[in-house]
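This is what each chain is made of:
Protein chains: 2
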Amino acid sequence: MLNFTFHNPTRIHFGEGQIAAIAKEIPSDATVLIIYGGGSIKKNGVYDQVVAALEGRKVFEFSGIEPNPSYDTLVKSLAVIRENKVDYLLAVGGGSVVDGTKFIAAAALFEGDDPWDIVAKQQRITQALPIGAVLTLPATGSESNTGAVVTRHGNKLPFASPLVRPKFAVLDPAVTLTLSDRQVGNGVVDAFVHTMEQYLTYSVNGKVQDRFSEGLLQTLIEDGPKALAPETKEDLAVRANVMWSATMALNGLIGAGVPQDWTTHMIGHELTGAHGIDHARTLSIVLPAVMKVRREEKREKLLQYAARVWNIHDGDEDARIDQAIAATEAFFTKMGVPTRLSHVDLGESDIEPMIVKLAEHGMVKLSEHRNITPDVSREILRVAL
Amino acid sequence: MLNFTFHNPTRIHFGEGQIAAIAKEIPSDATVLIIYGGGSIKKNGVYDQVVAALEGRKVFEFSGIEPNPSYDTLVKSLAVIRENKVDYLLAVGGGSVVDGTKFIAAAALFEGDDPWDIVAKQQRITQALPIGAVLTLPATGSESNTGAVVTRHGNKLPFASPLVRPKFAVLDPAVTLTLSDRQVGNGVVDAFVHTMEQYLTYSVNGKVQDRFSEGLLQTLIEDGPKALAPETKEDLAVRANVMWSATMALNGLIGAGVPQDWTTHMIGHELTGAHGIDHARTLSIVLPAVMKVRREEKREKLLQYAARVWNIHDGDEDARIDQAIAATEAFFTKMGVPTRLSHVDLGESDIEPMIVKLAEHGMVKLSEHRNITPDVSREILRVAL
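Taken in order, these protein sequences are the chains called S and D. Here my numbering = 1-based position in the first sequence + 2. Here my numbering = 1-based position in the second sequence + 2.
Careful: at least some of the hints might be erroneous.
One copy or two, it doesn't matter: identical chains are merged, so the pair holds either way.
What the hints assert, rightly or not - In silico DSS-like links for lysine-lysine, alpha-carbon gap of 27 Å or less:
1) K169 / K26
2) K303 / K235
3) K303 / K26
4) K336 / K294
Keep in mind that the hints were calculated from the coordinates and are not lab data. Every value quoted in this text rests on a predicted model; they were computed, and no experiment measured them.
Chain S with its partners taken away, still in its complex shape (with noise of 0.2 Å):
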């Protein structure tokens, strides 16, 4: 096991009805913005709900937050929070509307001529407004980190402070419920994803940490498609499941004490950025990709998944492995997304301009090993076609 800082001091409230959670931690003379995305909490109950856990604090609303928050939609809260006097901004949505929430409350008080500059220079973040969250998606794990990703023409660039982490999040399982398949589908692969970016490296020997992703895997892979079956998808313990999943996933704590990837990750970003694919479905591209490119670096840890995850003891090594791999798109095409450039209508011929996007963006040393240069993240694409 590597050395490690662990910290992780959100309060979740998870369950039915735990909204009303938010009046004993929004403190009571605070001047409150909500922030969304584009109106479905209006529509299924939760606006209302957190409305009324508001009363009596006075409250003002900042929404059209889009999926892949935009520079641009995020800076216009800045007029209302100062305007206003805004002390406290409360996040109601997906991973989306967290992260813009994030950026939003970091840049309130950015003390820099230009707030861009906390993600494009990775300016240090001194102080930031208090944040709570509302989760309506789980996938992120945005409600209870310190990162966010922010776009702006065409670059999707993420940036972390301790400061920007929530207060407290509210995890409603039965908020999900009103979900569209395609958002179900996203956020499952999303939060598997993330989980693999802390597992399949090389091997430390932190049992604990193997076994915590390993049991969020499996989770996965069994919740994940009844969220999505007519006869299993309105089972709240489906749902709680799933959405406790995505948040374990990425809140620091799988991926203490052991090497991570993010190569995915990475390359997914240029795809979001140049060619506005959902960001999950750039994840279920990019991954199995990796894992064929990386076989060698990965192959300690791939024989550990087919094993430990997929149950697969049959064949020599390679044998295995290819089996995991093929477990693990199809596992992603019962979740409703691509796995090939193709089935997202790129070819060959995007490839190079987001190699270049990438070396722009300083991503020249990915993965656990720094050595996956464009070079071979051309490959992974490539391999992706």
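Given the coordinates of chain S, assemble chain D onto it according to the supplied hints.
Relative to the frame of chain S, chain D by itself:
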């Protein structure tokens, strides 16, 4: 899954050399009381590392915390704290030292007449001195949770408050290399039974929690014996896995959203209170008997435990449960702990006084079903003879 709130803000510094992290955790103007036990930390180098990390701060010491820390010892620290205006407590030791420090932290700022009321009357704690912990014996999980157990006149009683949760904990597995086999065995068994108390109940379809628990149990089963075997006991990776398992076993995570039992602990406390038996050794005696007596209530989980933790798939249900209980006992035996009252020279005539004490301590509705009366506890102890 049941509704839950999960919050664990303790910052964990894990790995060799991490004692130095104390320097950034405790304010430089703090007046610190180092609290420890019998003095082993002065022999194994831990004390020197702690003192070096605290350089520049006013530092006082309070030692002599015994296993199952006694009220009479703990209250002696209060004069030292008052006299020297101590404002930060640093526990350096195992679970008993951390538990004792938690009591001291609350007692030092207690506004009632008698600090024993914190335990005896479960009087609410409204303030406490901040605590840091340098763990030397992985076992209880006390380094990042809110609970503690204190003993007075043969009464071993628990209390809990978020205010006594350590702000930070240093977990350096190298520190555990000087432990005796007895301490290592006890620690592994303690962590194992903590996990079982939160796992071996009835299913609420909490798949993440179940799998995390199973992962901890498997890790302890694999690496616990290695921490005793001459050829592997110096392996830091083994020690690290045991240490991280013990923290995760009782930091609130695996028990969030699932029923919990704790019968074994409550009966075990009486064994320690009346006969001074090591905490873990009471658990290894009581748990197998609880598994036998509560076989029907726990049937589903016993079968899951047999299959997933012990890989037992042959035979009918009852045969598989029998094998799982036998495997648990064999594991305890391998860790050098007793599994019967007779192993610690107790017999039939010792049972009744403990049942009287249990009732006296209000432990009359134990277990996940709140239906273990003193009569059932008597049966459990008889089965453990």
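Going through the hints against the structure:
1. K169 / K26: Answer is both; intra-copy 12 Å and inter-copy 22 Å each pass.
2. K303 / K235: between (32 Å within a copy, 25 Å between copies)
3. K303 / K26: neither (44 Å within a copy, 36 Å between copies)
4. K336 / K294: within (20 Å within a copy, 42 Å between copies)
The structure does not agree with numbered hint 3 stated previously, though it agrees with all others.
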